[in-house]
Amino acid sequence: MSLNNIFQYFVPKDRVFFPLFEQASGNLIKLGEALQEAVNTKDDSRRTDLIKVIDDLEHKGDDITHQIYLELGKNFITPFDREDIHSLASAIDDIADYIHGSANRMALYNVTTMTEPIMKITDLILQGCIDVDKAVRELKNLKNIRTITDSCVRINSMENQADYIFDKAVAQLFEYEADAKEIIKYKEILSALETATDKCEDVANVLESILVKNA
Amino acid sequence: MSLNNIFQYFVPKDRVFFPLFEQASGNLIKLGEALQEAVNTKDDSRRTDLIKVIDDLEHKGDDITHQIYLELGKNFITPFDREDIHSLASAIDDIADYIHGSANRMALYNVTTMTEPIMKITDLILQGCIDVDKAVRELKNLKNIRTITDSCVRINSMENQADYIFDKAVAQLFEYEADAKEIIKYKEILSALETATDKCEDVANVLESILVKNA
Amino acid sequence: MSLNNIFQYFVPKDRVFFPLFEQASGNLIKLGEALQEAVNTKDDSRRTDLIKVIDDLEHKGDDITHQIYLELGKNFITPFDREDIHSLASAIDDIADYIHGSANRMALYNVTTMTEPIMKITDLILQGCIDVDKAVRELKNLKNIRTITDSCVRINSMENQADYIFDKAVAQLFEYEADAKEIIKYKEILSALETATDKCEDVANVLESILVKNA
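Respectively, the protein sequence lines represent chains G, H and W. Using my numbering, read the first sequence as starting at 638 and increasing by one per residue. Using my numbering, read the second sequence as starting at 638 and increasing by one per residue. Using my numbering, read the third sequence as starting at 638 and increasing by one per residue.
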């Protein structure tokens, strides 16, 4: 397949996009770790600091995404389809947005009592970020396609687990929480967390579609 | 148009993707029928059984979707754009997910009293699944494009009706339901149902974009 | 770049798509203006009339979108990728849908007391519609790419502001509104408004991806 040969030929030379994607996915891990600490700490002022850290990391992620878009405008040759570069960058950005969004809601709604399901989904998000990062780092040679597909499989299974925990958590809110206001608050936070895992799945989908075209 | 000739040439030979898509859309009809029976039965234990059936059908749908992705990786020649095959498979999968999601919420929230709008949107979902199936079965020859576009038109109109019923139903919850908890529960179920109709519309959009490129 | 030359060559001749897109984006401004007046008027019957106007404008938008799809089916040569024309048309249509959706909810939920955040996000939506229109009108020559990217930057910043106002508004509902029902109603309206700004951002993303490919 000659197109594929051309592809193989350009990939090793790409000094622009892969480092940016690795910055973006590395940033995701930091976001996931900060969120995990924020929901597990008993120290409210530490949590406030961590939410500030998440804020800064999300801005950093925005800058990286923006730089990828700028490079897309400047570079004629890209390691894979321009549309896929665009989709991958924005899917990674979406994960960051929802991690930030859930932390933000905790702060805005004055929610300081973290529940078991919040902690569990947060663990899953961090695991998802680690898998996104692992897969993204393999894109530059595409020799270990298996590593990428394995990460995608784990991300899909992680998203299923998060779905299940979310559903159960909301059912329990209805059963054990009398105050409708509290139900809404916790549902909103859980929903932002769960959407972060959906966005990990979106990244997995983009990665799979890149593999389909290039592998 | 020579590209189109090539297309016509390959289509009759495709023994892989069309049967899988037909399995997926056939599975959707079963999901729609099980949901319809579940919301109409007065027998709570029958409903519980049907929700279990929906669970199984959704897993079956997942397997079919996964197989389509696997075949995409193996086959160099596809009856239409690889990306469209991917989009169509995942849009059909999304319908199954939301049918499953709404049934799941009924079970999780212990909602056993089904309302008129729940039944009506469920009827619309089944109708949407039947139209999705009808359109998908025409893809293999593309001789009756009209059949596909007619299904798409009906799906779009069905989605509009579901939207309208959803809006009215939520307004009536606010007007006649005093318990905020109940409002939230029913709104969640109605919203999952309504999203299932949105996903039917997504399938119609993918179908239309396949026609735009290949017809 | 010869492809680009071909592109430049066809663009001035396009008498079909650009006028339709300009109708669609012009219609958006009317929708934004009607919504702005609807949330600012103290006259309930005037608001009812305006919501009717928004209804009609949304239908008009649907017709324009549909016409773009029809032309896509008829025209072999398009000024840019068929998929991008499809995406741009449906993203513009989505903005109209959510403007319509938020007005509709005000009517359905009998919400007549408009709050500061509702008014502010409505101002932002109108601003977004004006920027979408400005950018769309530049597509036909692509000589002032800067005008398009400037609009996209403003749309992105507008969406950020709307996000922030939405978050704050929901936090304040939790803090100052005792009635959970009212919280849900206002949250729903604010959320439809905020989604309209998200859809403006989607348009900006499609525009950016058109520039990436054609500029």
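It is worth saying that the hints were derived from the structure and are not from the lab. All figures in this text were calculated on a predicted structure; none of them were measured in a lab. Fair warning: there could be bad hints in the mix.
Which copy is meant is left open, so a pair is good if it fits within one copy or across any two.
Computed cross-link-like contacts, DSBU-like style, restricted to lysine-lysine with a CA-CA straight-line distance of at most 35 Å [said to hold, decoys possible]:
| no. | residue 1 | residue 2 |
| --- | --- | --- |
| 1 | Lys771 | Lys679 |
| 2 | Lys777 | Lys805 |
| 3 | Lys711 | Lys824 |
| 4 | Lys777 | Lys818 |
| 5 | Lys679 | Lys711 |
| 6 | Lys679 | Lys850 |
| 7 | Lys780 | Lys824 |
| 8 | Lys689 | Lys780 |
| 9 | Lys757 | Lys780 |
| 10 | Lys777 | Lys679 |
List of violated hint numbers, smallest to largest:
2, 3, 4, 5, 6, 7, 8, 10
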